[in-house]
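Turn these sequences into a full structure, and let the hints steer you where they fit.
Taken in sequence, the protein lines are chains X and V.
Here the first sequence stands for residues 0 to 100, where the numbers follow numbering that gives the first Met the number 0.
Here the second sequence stands for residues 0 to 185, where the numbers follow numbering that gives the first Met the number 0.
No lab work stands behind these hints: they were computed from the structure.
Bear in mind the structure is a predicted one, so any value in this text is a computation, not a measurement.
Glycine residues also receive a C-beta, built at the ideal position from the N, C-alpha and C atoms.
Simulated DEER-style distance windows between Cβ atoms:
(1) V:H142 with X:P66: 27 to 37 Å
(2) X:D61 with V:V122: 12 to 22 Å
(3) V:Q18 with X:L30: 28 to 38 Å
(4) V:E84 with X:P32: 17 to 27 Å
(5) X:P66 with V:A111: 19 to 29 Å
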Amino acid sequence: MPITQESALRIVYQALTNLNEERDGQAQVPLAPETALFGKSSLLDSLALVSVIVDIETALSDELGVPICLTGEDALNREESPFADVRSLCAFILQLTGGRS
Amino acid sequence: MNLRPLVVEDAAVTFRWRQSARARHLNRGAATPAAQERWIATRPSDDFCFVIELKTGEPAGMISLIDVDTWHRRAEAGHFLIGEEETARGIPAAVEALKLLYELAFDRLKLARVYGTIASENVAMHRWQLYMGMKEEGRLRRHYFIGGHFQDAICMGLLEEEYRRTTLPRMLALLSAGRSTAVRGQ
Numbered sequence: 000m001p002i003t004q005e006s007a008l009r010i011v012y013q014a015l016t017n018l019n020e021e022r023d024g025q026a027q028v029p030l031a032p033e034t035a036l037f038g039k040s041s042l043l044d045s046l047a048l049v050s051v052i053v054d055i056e057t058a059l060s061d062e063l064g065v066p067i068c069l070t071g072e073d074a075l076n077r078e079e080s081p082f083a084d085v086r087s088l089c090a091f092i093l094q095l096t097g098g099r100s
Numbered sequence: 000m001n002l003r004p005l006v007v008e009d010a011a012v013t014f015r016w017r018q019s020a021r022a023r024h025l026n027r028g029a030a031t032p033a034a035q036e037r038w039i040a041t042r043p044s045d046d047f048c049f050v051i052e053l054k055t056g057e058p059a060g061m062i063s064l065i066d067v068d069t070w071h072r073r074a075e076a077g078h079f080l081i082g083e084e085e086t087a088r089g090i091p092a093a094v095e096a097l098k099l100l101y102e103l104a105f106d107r108l109k110l111a112r113v114y115g116t117i118a119s120e121n122v123a124m125h126r127w128q129l130y131m132g133m134k135e136e137g138r139l140r141r142h143y144f145i146g147g148h149f150q151d152a153i154c155m156g157l158l159e160e161e162y163r164r165t166t167l168p169r170m171l172a173l174l175s176a177g178r179s180t181a182v183r184g185q
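Rendered as structure tokens:
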């Protein structure tokens with residue numbers, strides 16, 4: 000079954016929820032499409048971002064039954080970062096998995 | 000980011016980093032700034048201990064390549080700590096610092112292997128190093144006494160070909176993502 004926008008958002012939110020469970024109250028990452036994942040307005044450092052990426056790749060691979068890599072050539076070749084915010088990451092997931100919006 | 004050699008003048012800032020919550024999973028460091036100064040001053044000449052700094056010269060953390068053995072072509076990566084959380088937030092500081100360290104190890108020193116240990120409760124770093132291509136090679140049981148209790152040391156290792164095949168592409172993708180985000184945010 001292809002990944003839909005709703006399922007992509009659910010997977011990203013679940014990864015952020017997992018991250019929030021390890022962080023104290025002041026460092027909680029909001030579950031919202033506009034939440035920045037990378038860049039100066041982000042609450043994440045690169046350790047936290049990788050933790051989120053690992054959770055998302057695992058969930059996508061479980062759903063699709065094939066390995067999914069978010070940091071492959073597709074990510075490298077994009078002009079705008081797929082990790083800028085939740086919205087751009089969901090769009091990238093849909094593109095990568097051939098899903099539908 | 001730049002890596003510049005750690006000097007005794009860095010004792011105060013690196014001591015503060017070692018006392019922070021982020022360093023809770025690391026080995027017990029120096030107990031006083033003076034002890035930290037002595038520790039820095041007595042690093043062996045074949046250790047590469049660095050301060051991670053922004054291009055502006057602002058220090059962000061520390062990282063080392065120690066026990067460099069050019070016969071067996073191996074070394075240990077360690078003392079890896081992003082001390083300035085605010086400075087590093089939203090930028091791939093840790094990725095770039097580790098990339099620079101691996102360039103030293105694999106490109107300049109022509110090493111075949113980099114290894115290290117991680118305290119078993121340091122889940123974020125363990126996950127991060129696995130993602131960055133390191134393989135888990137074993138466990139030393141009750142190897143560390145950290146946070147008032149024993150923890151296993153997870154032994155990790157990275158071979159040169161794994162670095163080039165897995166680690167480097169992932170690092171480049173994360174660095175590229177960081178750069179394009181920064182450009183967009185200007």
